[in-house]
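**Student:** From first to last, the protein sequence lines stand for chains W and C. Just add 6 to wherever you are in the first sequence, counting from 1, and you've got the working numbering. Just add 189 to wherever you are in the second sequence, counting from 1, and you've got the working numbering.
Please note: incorrect hints may appear among the correct ones.
SDA-like, lysine to any residue: derived pairs with alpha carbons at most 25 Å apart [as the list claims (entries may be wrong)]: (1) W:Lys18 with C:Thr422; (2) C:Lys276 with W:Glu193; (3) C:Lys468 with W:Met290; (4) C:Lys475 with W:Gly122; (5) C:Lys468 with W:Arg213; (6) C:Lys210 with W:Gly122; (7) W:Lys18 with C:Gly423; (8) C:Lys604 with W:Ser168; (9) W:Lys110 with W:Ile63; (10) C:Lys210 with W:Thr169; (11) C:Lys210 with W:Ser173; (12) C:Lys464 with W:Arg213; (13) C:Lys276 with W:Leu235; (14) C:Lys276 with W:Lys110; (15) C:Lys276 with W:Tyr186; (16) C:Lys276 with W:Ala160; (17) W:Lys16 with C:Leu421; (18) C:Lys464 with W:Phe295.
These are computed hints drawn from the structure, not numbers from a lab.
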Amino acid sequence: MRKSGLHDMKRKNRQLIMRTVLESGALSRIEIAGRTELSPSTVSSLVSELLADGLLIESGVRISTAGRSRTELTVNADYGYIMVVEIGRKGIYLTRFNMALQDKEGCLLSDTLVDGNELLSLISDGIVKSLEKEGCQYGVLAGIGLLFQEDMRASDFNVMYSTGFSSASISLRESLITQYRVPVVEEYSQVYTVANALGRAADEMVRNSAHIAVGASVVASVTVEGKLLPLREGFCADMAPFLEELPAGGERARLADQREKKGVLSAQTAGRIQERSLSRLIMMLCIMFPLDTVFLSGPGVDDKLVRRLSSQIKKQLEAGQMPGIRRLDQKDMSQAADALAERVRESVLFA
Amino acid sequence: MLQGSLIIIAFIIIAALMMTKKIPTLLALPLMAVVICIIAGVPAVGVDADGNAVGWLQTVVEAGTVRMGSAIMAVIFGAWLGQLMNKTGVTENIIKKSAELGGDRPLVVTLIMVVACALLFTTLSGLGSIIMVGSIALPILISVGVPAMSAACIFLMAFNTGLTFNIANWRTFSSIFNLDISQIQSFEIYMVVATLIATLILVFVEFKKNGVKFAFSAPAKETAAEQPSKQLTGVRGVLAMFTPIVPIILVAVFSVPVCPAFIAGIIWILLFTGKSFSKAMNQLVKTCYDGITDAGPAVILMIGIGILYLAVTHPMVTEVLNPFLLAVIPTSRVGYIIFFSVLAPLALYRGPMNLFGLGSGIAALVIGLGSLTPLAVMGAFLAAERIQGCGDPTNTQNVWTANFVEVDVNGITKKLLPYLWAIAIIGVVLSAFLYF
Chain W
7 MRKSGLHDMK RKNRQLIMRT VLESGALSRI EIAGRTELSP STVSSLVSEL
57 LADGLLIESG VRISTAGRSR TELTVNADYG YIMVVEIGRK GIYLTRFNMA
107 LQDKEGCLLS DTLVDGNELL SLISDGIVKS LEKEGCQYGV LAGIGLLFQE
157 DMRASDFNVM YSTGFSSASI SLRESLITQY RVPVVEEYSQ VYTVANALGR
207 AADEMVRNSA HIAVGASVVA SVTVEGKLLP LREGFCADMA PFLEELPAGG
257 ERARLADQRE KKGVLSAQTA GRIQERSLSR LIMMLCIMFP LDTVFLSGPG
307 VDDKLVRRLS SQIKKQLEAG QMPGIRRLDQ KDMSQAADAL AERVRESVLF
357 A
Chain C
190 MLQGSLIIIA FIIIAALMMT KKIPTLLALP LMAVVICIIA GVPAVGVDAD
240 GNAVGWLQTV VEAGTVRMGS AIMAVIFGAW LGQLMNKTGV TENIIKKSAE
290 LGGDRPLVVT LIMVVACALL FTTLSGLGSI IMVGSIALPI LISVGVPAMS
340 AACIFLMAFN TGLTFNIANW RTFSSIFNLD ISQIQSFEIY MVVATLIATL
390 ILVFVEFKKN GVKFAFSAPA KETAAEQPSK QLTGVRGVLA MFTPIVPIIL
440 VAVFSVPVCP AFIAGIIWIL LFTGKSFSKA MNQLVKTCYD GITDAGPAVI
490 LMIGIGILYL AVTHPMVTEV LNPFLLAVIP TSRVGYIIFF SVLAPLALYR
540 GPMNLFGLGS GIAALVIGLG SLTPLAVMGA FLAAERIQGC GDPTNTQNVW
590 TANFVEVDVN GITKKLLPYL WAIAIIGVVL SAFLYF
């Protein structure tokens with residue numbers, strides 16, 4: 007057991023060095039030793055290993071004012087590429103990052119929603135094309151991130167693994183791990199959009215909040231004391247059952263048909279939902295959780311709607327229960343891929 | 190005579206269509222059931238003099254869908270517990286802690302991995318679980334110097350060992366042979382010992398062959414000893430890692446029915462891994478849905494097996510087929526041993542000895558014949574099932590493992606067949622002396 011203890015310690019020290027370099031950009035060995043409080047000899051030996059593994063590179067020489075010159079170390083941007091696939095109803099995008107999370111390049115894989123097997127083949131083709139542009143092969147693929155839009159479930163994209171005689175349904179993540187043998191991280195964009203918004207509103211002491219994403223369906227997530235609450239389906243819950251205030255019978259069927267054809271609700275339909283149902287949903291969430299702020303996002307969510315909702319809810323809730331209502335703009339959403347790429351990078355570097 | 194010949198021709202045609210991948214197994218089984226009934230002259234809808242339904246739509250198709258109901262439920266509850274083991278980190282912890290125990294001694298790591306994988310697959314099922322375990326265990330084996338082909342074969346043999354004691358499978362066999370689960374268990378004990386010994390022989394033979402390479406093998410990579418993403422620590426963690434054996438002990442020692450045993454396993458794992466009540470409840474619901482998805486292919490296959498079973502046991506069908514079978518099925522002990530030992534590899538490629546295919550129908554027919562006891566039929570087919578479990582290159586687990594370690598799937602079959610056939614022969618001989 008002693009042996010595994012030493013392995014553990016070594017692994018943790020490697021992670022500590024990698025994390026320190028990642029956070030600080032470029033550091034010399036002695037600076038790493040200073041920040042990590044590891045002995046210079048330990049740092050020197052582990053850095054040599056990390057250099058040999060190709061995770062770190064020596065970026066240049068910095069002349070010291072006294073003593074020997076010191077060589078700065080950075081994360082090797084060419085260690086491999088990270089691919090982030092954003093899966094949404096409006097399209098599927100692939101973005102390639104290098105290990106420094108720069109040199110970002112994206113492409114549209116599909117402008118429609120596809121099933122798991124088709125998505126797997128689109129991702130494979132996209133990865134090949136993206137790497138070919140760089141004159142690289144599979145070997146330089148370091149990790150993959152799958153970013154699902156709020157109202158989608160990873161299980162919607164299960165892949166049928168068939169041998170002709172027998173078959174089994176496996177997740178897209180498992181298929182990609184099987185194909186590329188690299189870390190694959192799954193995440194919902196909700197996690198990042200709320201974290202982003204909370205990050206910006208930190209100075210205003212927003213600790214408890216809800217995020218309602220209005221798309222083909224309406225999905226909510228709740229953050230209490232800065233942490234996302236686990237709900238029925240991961241961190242998000244489908245709120246559609248609470249929003250059935252739509253006209254009954256033929257009208258509902260027509261709307262369902264429209265939803266089927268277009269993939270998203272029309273502005274008019276969304277408007278109807280938003281006016282009546284959203285205010286009811288927000289009130290329900292306010293009763294269930296002590297919310298400071300409710301974030302709204304999605305097509306059709308604009309400042310006017312936010313103002314109307316605020317005034318409607320204000321009339322019905324007691325003063326102490328009234329949350330601030332804010333709109334999350336698209337800028338918050340676009341940063342989700344970058345945030346996921348960072349997580350994938352960590353899973354690659356800290357393995 | 191004509192009807193019997195036509196049924197055999199139909200059987201051969203549908204088997205050929207299935208083996209040439211023209212139609213999937215899940216369609217082939219009910220199709221064969223319907224064709225057999227039509228040829229045997231069973232009416233589609235009808236009642237006998239006492240008013241009992243006799244038509245194949247009622248007695249075969251409708252009744253067949255629920256014939257394996259209890260086995261289907263066992264598979265679903267097993268898959269639910271399997272999902273919980275995967276999602277709570279129990280599976281990952283068992284493998285990684287086992288690897289740690291072995292340190293950097295390749296043979297010890299391999300042997301411990303065999304035991305850990307076998308233990309896990311007593312409860313886990315489905316390709317998702319194979320991927321979960323294989324994507325951790327295979328890199329560990331390769332990183333300590335085991336060649337890719339040997340690692341794949343050892344992993345699949347360990348899986349096959351565990352599968353012998355998979356209580357959801359016991360329930361399935363119990364339904365197919367119409368036997369009590371304790372009777373299945375009593376034979377599977379011999380089979381698990383035989384499979385484990387064969388696995389150990391495989392490990393030692395592979396190590397002997399690659400001795401020089403192992404002596405100079407690189408030390409285990411850091412990834413091999415990588416910590417689980419969800420660490421289970423303390424007494425609760427240790428108890429959580431006992432989850433796979435909870436249902437087996439309940440069924441094998443205390444004769445608890447299979448589904449309640451799995452429910453006990455589910456409660457056990459939630460007790461020792463749950464961080465809070467609400468999180469545990471969320472995980473319970475989510476893993477239930479995922480477990481049902483995992484069990485989907487097995488469920489639909491069992492519906493087909495149930496329909497085929499009732500078709501071949503329909504009195505009008507047995508009347509037609511019995512003369513043919515009586516001419517083929519051996520009546521002496523030696524004949525039984527030779528017949529089933531030679532035919533055991535027909536479990537490959539979804540052949541007629543495969544219980545998860547046409548074999549279920551043939552087993553029912555042979556039992557219906559009455560010349561062999563149900564126990565003797567069970568012994569012969571369960572012995573052949575050892576070959577199918579990890580030797581069939583059409584299994585999703587074989588194809589996945591071969592792809593993952595980048596070796597030829599048929600190469601795995603070639604390497605494993607001598608071991609698996611030997612186990613099957615031992616099983617048939619044992620069955621001949623125990624049940625004939």
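**Student:** Find the hints from earlier in the document that the structure breaks and name them by number, from lowest to highest.
**Tutor:** 14
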